[in-house]
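Quick mapping for you: the protein sequence lines, in order, are chains L and D. The first sequence begins at 1 in our numbering and counts up by one. The second sequence begins at 1 in our numbering and counts up by one.
It should be emphasised that the hints constitute simulated quantities derived from the structure, not laboratory data. Here a beta-carbon is modelled for each residue, glycine too, at the ideal position from N, C-alpha and C. Don't take every hint at face value.
Said to hold, decoys possible - Just some of the chain D residues that point at chain L, by a computed CB distance under 8 Å:
{"hint": "1", "residue": "113"}
{"hint": "2", "residue": "221"}
{"hint": "3", "residue": "226"}
{"hint": "4", "residue": "229"}
{"hint": "5", "residue": "232"}
{"hint": "6", "residue": "235"}
{"hint": "7", "residue": "236"}
{"hint": "8", "residue": "238"}
{"hint": "9", "residue": "240"}
{"hint": "10", "residue": "241"}
{"hint": "11", "residue": "246"}
Said to hold, decoys possible - Derived SDA-like pairs: lysine to any residue, alpha-carbon spacing no greater than 25 Å straight-line:
{"hint": "12", "chain 1": "L", "residue 1": "33", "chain 2": "L", "residue 2": "220"}
{"hint": "13", "chain 1": "D", "residue 1": "144", "chain 2": "L", "residue 2": "81"}
{"hint": "14", "chain 1": "L", "residue 1": "87", "chain 2": "D", "residue 2": "146"}
{"hint": "15", "chain 1": "L", "residue 1": "87", "chain 2": "D", "residue 2": "10"}
{"hint": "16", "chain 1": "D", "residue 1": "10", "chain 2": "L", "residue 2": "154"}
{"hint": "17", "chain 1": "L", "residue 1": "70", "chain 2": "D", "residue 2": "145"}
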Amino acid sequence: MNAQAATNVITDQMGPDFLLAVEGLTVSFDGFKAVDDLSFYVDENEIRVIIGPNGAGKTTVLDLICGRTKATSGSVKFKNTELTRLKEYEIVRAGVGRKFQNPSIYEDLTVFENLEISFPRGRGVFGALAFKRDAEVIGRVEEVAQTIFLADQLHQRAEYLSHGQKQWLEIGMLLIQDPELLMLDEPVAGMSVAERKKTAELLNTIIKDRSVIVIEHDMKFVEDIAHKVTVLHQGKILAEGPMAKVQADPKVIEVYLGH
Amino acid sequence: MTQALSPRFKNLIGLLLLAVLLAVVLPLVLEPFRLNMVGKYLTYAFVAVGLVLCWGNAGILSLGQGVFFGLGGYAMAMYLKLQSSTLEATKIQSTPGIPDFMDWNQITELPFFWVPFKSLPLSLLAVVLVPMAFAFIVSFPMFKRRVGGVYFAIITQALAAIMTILIVGQQGYTGGINGITDLRTLAGWDIRTDSAKTILYFVNVALLLGAIGLCLLVRGSKLGRILVAMRDKEDRVRFSGYDVASFKVFVFCLAAALAGVGGAMFTLQVGFMSPSFVGIVPSIEMVIYTAVGGRLSLFGAVYGTLLVNWAKTSFSESFPELWLFGLGALFIAVVLLFPNGLAGLYRSHVEPRIDAFLGRKGRSGSTPAPAPAE
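Make a model of the complete structure from these sequences and hints.
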């Protein structure tokens with residue numbers, strides 16, 4: 001079903017069923033167009049991988065979708081809601097989760113507290129004051145900790161985790177929000193071989209029932225998970241399609257894979 | 001679960017130790033004059049406690065807390081001034097019934113913003129609400145526009161300067177450089193007597209312990225953890241669905257309200273309020289108290305305030321011109337050598353020994369540093 005959805009994407013561009021529709025997205029920093037008239041569509045339950053050389057604008061695309069960078073022009077529609085006009089926290093609450101490239105966790109808090117803060121309840125000032133650590137919260141935190149291999153580290157301060165464990169923790173913090181669209185920026189960067197393998201396994205369990213956009217350089221990893229690959233180069237799409245097709249594309253080989 | 005209870009238990013012990021020190025030991029040891037001085041120091045501790053939340057926990061350094069201290073202090077002073085400006089007491093003025101300094105400045109009618117301060121309940125509300133409202137107006141646009149760090153610190157410092165200039169310049173409405181003086185009674189009760197000062201000292205201690213209790217509750221809630229999270233990784237909090245700015249506004253307003261209460265208690269115990277407690281120097285001094293005590297420790301902030309003020313009084317009695325240099329050196333030394341202040345020293349050197357002494361379960365008294373009593 002996923003594979004089928006993936007092949008339909010190009011022919012069915014205007015359909016209302018896309019979870020995410022990016023159209024004509026442009027951002028320019030002092031005249032330099034980091035992302036230039038970009039359009040792509042992500043289906044429900046699709047795993048999309050974005051690859052491309054350094055400076056191609058991959059991270060900027062994620063920044064634009066989650067509102068961290070404001071678009072110069074173009075639109076980003078998530079479930080037919082325009083995201084470019086929303087604030088970051090509103091985009092998160094709409095169901096878009098974002099993992100940063102460097103593990104972005106709260107070092108001074110415990111693993112439990114890290115996960116608890118990401119639990120989607122009591123997000124206003126007074127909601128946070130009145131927030132109770134009830135059975136539902138504890139159950140969900142423990143469940144997620146189990147998934148991210150940190151069940152026995154719950155009361156450890158996050159700063160004492162290894163690099164790989166920090167990456168998992170941040171993935172767990174997204175997981176507990178249960179977003180419909182999950183965006184991961186180089187989730188296996190800087191990991192050992194063993195950690196990489198475990199992470200691939202982890203990603204394979206968490207990407208069920210949601211759409212995922214992943215930025216990754218590790219081709220083996222990309223091959224394993226991608227339904228469809230988008231190759232970015234100088235802010236534009238160089239190629240798009242299934243991994244096999246993209247890998248055979250001479251333009252892609254020239255600017256990226258050949259290196 | 002026992003692990004989760006332990007910090008709460010330590011906080012209770014810390015609060016209890018502080019209560020015993022302030023409400024039993026110091027009143028027994030000190031003569032009324034010195035006790036009143038400690039009372040004055042403790043009014044700064046309200047600001048320091050607020051700064052622990054605002055600066056230590058949330059990472060928002062404000063160099064303008066004197067403004068909020070002053071607003072609370074002036075709110076109280078205005079009420080007290082109107083109390084002592086009865087027709088009877090001011091009958092020699094050209095306009096009887098208004099504060100003397102207004103009369104000296106050819107003002108013939110009580111300005112509209114003084115009118116609410118005829119009422120004690122309204123004045124008490126103003127002590128808390130005016131600093132909060134002002135903090136909100138100042139911080140809301142800044143935090144929404146993501147002004148933070150050094151820029152926020154500099155703007156708050158400018159605010160302290162502006163406020164001083166405003167108060168000094170508007171002599172007819174504010175009492176100018178002299179401040180509001182000659183305060184006598186609170187709802188008919190003479191605050192100048194020794195017994196009144198002792199009672200006010202205990203009221204101050206009770207309010208301070210209450211303020212610390214409130215801050216402990218805030219810190220213990222999820223909001224407290226979000227503040228810490230924001231300090232570490234603001235973007236992560238934002239992309240976890242929180243409106244970061246509103247949390248910052250909240251903690252800044254809370255610190256301002258506490259500073260306002262401190263200011264009001266200052267006016268009551270010292271008997272006047274003047275712009276010299278509003279400006280840049282007092283605002284920075286208050287940050288130093290927090291830094292010396294340990295900017296992460298609510299109890300440390302109180303001990304730091306007492307210690308620095310005690311040192312200030314002792315030093316400036318003997319070497320008045322050297323004190324400011326000493327204070328500056330102290331600040332630099334703390335920042336460079338003991339970034340977590342007294343509380344940090346306590347945690348790294350004293351607490352482990354207490355824990356070891358009490359055995360593995362380690363249920364011990366927390367943060368109090370060696371008491372800086374005279």
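Now the hints, each set against the structure:
| no. | hint | verdict |
| --- | --- | --- |
| 1 | 113 | violated (29 Å) |
| 2 | 221 | holds (5 Å) |
| 3 | 226 | holds (6 Å) |
| 4 | 229 | holds (4 Å) |
| 5 | 232 | holds (5 Å) |
| 6 | 235 | holds (7 Å) |
| 7 | 236 | holds (4 Å) |
| 8 | 238 | holds (5 Å) |
| 9 | 240 | holds (5 Å) |
| 10 | 241 | holds (4 Å) |
| 11 | 246 | holds (5 Å) |
| 12 | 33/L with 220/L | violated (30 Å) |
| 13 | 144/D with 81/L | holds (23 Å) |
| 14 | 87/L with 146/D | holds (13 Å) |
| 15 | 87/L with 10/D | violated (40 Å) |
| 16 | 10/D with 154/L | holds (22 Å) |
| 17 | 70/L with 145/D | holds (14 Å) |
Of the hints listed earlier, those the structure fails to meet are numbers 1, 12, 15, in rising order.
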